[in-house]
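Full structure from sequences and hints, please.
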Amino acid sequence: MTQATDHHDDEAPEPDTSHLDDVEDGCGCAEVWEHLSEERADADD
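So the mapping is simple: the numbering used here equals the position in the sequence shown, first residue as 1, plus 5.
You can trust all of the hints, since none of them are fake.
Restraint ranges, calculated between C-beta atoms of paired labels, are given here:
(1) P20 with R45: 12 to 22 Å
(2) E43 with D21: 17 to 27 Å
(3) L41 with E19: 13 to 23 Å
It should be emphasised that the hints constitute simulated quantities derived from the structure, not laboratory data.
This structure is a prediction, so every number in the text was calculated from the model and none was measured.
The beta-carbon is built from N, C-alpha and C at its ideal position, and this holds for glycine as well.
Given below as structure tokens:
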């Protein structure tokens, strides 16, 4: 008897990264920090 190895029931769901959609691929942590800070400032207005 063989078991299927493609069961994904035990895997965690993918995290929501939509808050990083406007950040360019390959940017550094400073750019991510700046983007998140700007988003937070816009939300406070």
